[in-house]
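Model the full structure from these sequences, guided by the hints.
Protein chains: 2
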Amino acid sequence: MTNVKAFVFDAYGTLFDVFSVTKKCEELFPSKGDQISQTWRQKQLEYSYLRQMMGKYRPFSTVTRDALRYAVADVDAELSSDNEEQLLNAYKELTVYDEVPGVLKELEEQGMTLAIFSNGSHDMLDPLVKQSPLAEYIDHIISADDINQYKPTPASYTHALDSLELNRENILFMSSNGWDISGAKNFGFHTAWINRNEKPVEKLALEPDTIYSDLTGIKNWS
Amino acid sequence: MTNVKAFVFDAYGTLFDVFSVTKKCEELFPSKGDQISQTWRQKQLEYSYLRQMMGKYRPFSTVTRDALRYAVADVDAELSSDNEEQLLNAYKELTVYDEVPGVLKELEEQGMTLAIFSNGSHDMLDPLVKQSPLAEYIDHIISADDINQYKPTPASYTHALDSLELNRENILFMSSNGWDISGAKNFGFHTAWINRNEKPVEKLALEPDTIYSDLTGIKNWS
Chain A
100 MTNVKAFVFD
110 AYGTLFDVFS
120 VTKKCEELFP
130 SKGDQISQTW
140 RQKQLEYSYL
150 RQMMGKYRPF
160 STVTRDALRY
170 AVADVDAELS
180 SDNEEQLLNA
190 YKELTVYDEV
200 PGVLKELEEQ
210 GMTLAIFSNG
220 SHDMLDPLVK
230 QSPLAEYIDH
240 IISADDINQY
250 KPTPASYTHA
260 LDSLELNREN
270 ILFMSSNGWD
280 ISGAKNFGFH
290 TAWINRNEKP
300 VEKLALEPDT
310 IYSDLTGIKN
320 WS
Chain B
100 MTNVKAFVFD
110 AYGTLFDVFS
120 VTKKCEELFP
130 SKGDQISQTW
140 RQKQLEYSYL
150 RQMMGKYRPF
160 STVTRDALRY
170 AVADVDAELS
180 SDNEEQLLNA
190 YKELTVYDEV
200 PGVLKELEEQ
210 GMTLAIFSNG
220 SHDMLDPLVK
230 QSPLAEYIDH
240 IISADDINQY
250 KPTPASYTHA
260 LDSLELNREN
270 ILFMSSNGWD
280 ISGAKNFGFH
290 TAWINRNEKP
300 VEKLALEPDT
310 IYSDLTGIKN
320 WS
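Keeping their order, the protein sequence lines are chains A and B.
Quick note: the first sequence, position 139, residue 238 per my numbering, numbers continuous.
Quick note: the second sequence, position 128, residue 227 per my numbering, numbers continuous.
In case anyone wonders, no lab produced these hints; they're calculated from the structure.
Treat the hints with care, since some could be wrong.
Pairs count within a copy or across copies, as identical chains cannot be separated in the list.
[As the list claims (entries may be wrong)] Only pairs whose alpha carbons sit at most 16 angstroms apart, straight line, appear in this in silico EDC-like list of lysine to aspartate or glutamate:
1) K155 <-> E306
2) K298 <-> D175
3) K318 <-> D308
4) K104 <-> E268
5) K123 <-> E208
6) K318 <-> D245
7) K229 <-> E192
8) K298 <-> E183
9) K204 <-> E306
10) K229 <-> E297
11) K104 <-> E264
12) K155 <-> D165
Just so you know, these numbers come straight off a predicted model, no measurement behind them.
Here it is, written out as structure tokens:
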């Protein structure tokens, strides 16, 4: 049996469904929404990696805006400031996956510490959690932005650990992003990959401890 | 007038056309070749970024193999070791873009130092250059692998500089990869983005000094 005291969740794609952003893209850019939202997400990650490597850190809210501008330019469309604001605001109003509130409630009743740990800056994360049904269960909202780092650097996971005042072996980290699970595993957290899209394991020689298709799986975790 | 003494080129996609790899993918995995080669390239870059951030460096040849394995698994196909070897060997037999030999010849006649600077490890780069018509023009093959770094870290570009024994302002760096141009600009090289695919400029607040649609453009560079 492991001695887990805190369940730490990634936010985007793990607890919160970003599908509503895709929908909003399609609404504002008919027939181009899918491509825009895919490029947007890809560039959002890529820009965070590149900025980390170049030593040019900017908050995730800035990176998200820049990635959106690229994605719209990439399909030769125009992005008005009103549309830009609507799309960025959509990130603060995401819905949660169906099973999430029930699972979090159960874990809370078992006395577990529940935390979110995300690349998202607090200006994005705090309003998102506040408007969601998860607000009452989440004990800590931790952002890698507090120390100007992005996951998956070891320093970013160290920040989560320090914020929780626990040891690595007391943490179970959950994410739908394979690369995030690799980073957490590399750092020494217990890991559960929430593989919502039936993707292959990332070939980074850092296999997840457990894999579940959605968050209900972690109720069996031990 | 700038005082450029060395023309430094990225390899993959800049001098060498990776289309033949796509063709080989399609030959071995009919109807899935396009998707495999796209995912392969995307994961190849992503894994280099992630390994750099995690402090888990491996040579580009390893990362390229791992990315291929992911890409094939992602379309639920099987990768035999024979097919794997064929596809990895394709990277050592790439053709150059049509205009490249002529441009390099002209620059050499002007007494310029010509170098390749790539993430590719020497086991990939050296045979590639040797079998190409560029071998007679290239004075230096520099790999970021020599110091266990990946572009776009500042350390990687420092290595190119040290290898050439020049100052930053003596270098014109050319790449078809927008992120690579951002990294070189961030470091302080002169930059020319060879925008072969008519993509938007990366939104990283590091604009290229010049943009050309192919390599002939640099003949006008001053």
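Checked hints:
1. Taking identical chains as interchangeable, the C-alpha atoms of K155 and E306 lie at most 16 angstroms apart only when they sit on different chains, with a minimum of 14 angstroms there against 30 angstroms within one chain.
2. Only between protomers do K298 and D175 lie at most 16 angstroms apart by alpha-carbon distance; the minimum there is 10 angstroms, versus 30 angstroms within a single protomer.
3. For the identical chains of this complex, K318 and D308 are intra-copy neighbours only, at 15 angstroms inside a copy versus 55 angstroms across copies, given an alpha-carbon limit of 16 angstroms.
4. In this homomeric assembly, K104 and E268 come within 16 angstroms of each other (Cα to Cα) only inside a single copy, at 9 angstroms, whereas the closest approach across copies is 54 angstroms.
5. Proximity of K123 and E208 under a CA criterion of 16 angstroms is satisfied in neither setting, with 36 angstroms inside one chain copy and 56 angstroms between copies.
6. Taking CA atoms no more than 16 angstroms apart as the test, K318 paired with D245 passes in neither setting, with 30 angstroms inside one copy and 47 angstroms between copies.
7. Taking the shortest Cα distances, K229 and E192 sit within 16 angstroms of each other inside one copy (10 angstroms), while across copies they are farther apart (55 angstroms).
8. For the homomeric pair K298 and E183, neither the shortest alpha-carbon distance inside one copy (31 angstroms) nor that between copies (20 angstroms) is at most 16 angstroms.
9. In this assembly of identical chains, the alpha carbons of K204 and E306 never lie at most 16 angstroms apart, being 28 angstroms within a copy and 48 angstroms across copies at closest.
10. In the homo-oligomer, the alpha carbons of K229 and E297 never lie at most 16 angstroms apart, since the shortest distance is 30 angstroms inside one protomer and 42 angstroms across protomers.
11. Within a single copy, K104 and E264 get their C-alpha atoms as close as 11 angstroms, which meets the 16 angstroms cut-off; across copies the closest is 54 angstroms, which misses it.
12. Taking identical chains as interchangeable, the C-alpha atoms of K155 and D165 lie at most 16 angstroms apart only when both belong to the same chain, with a minimum of 14 angstroms there against 28 angstroms between chains.
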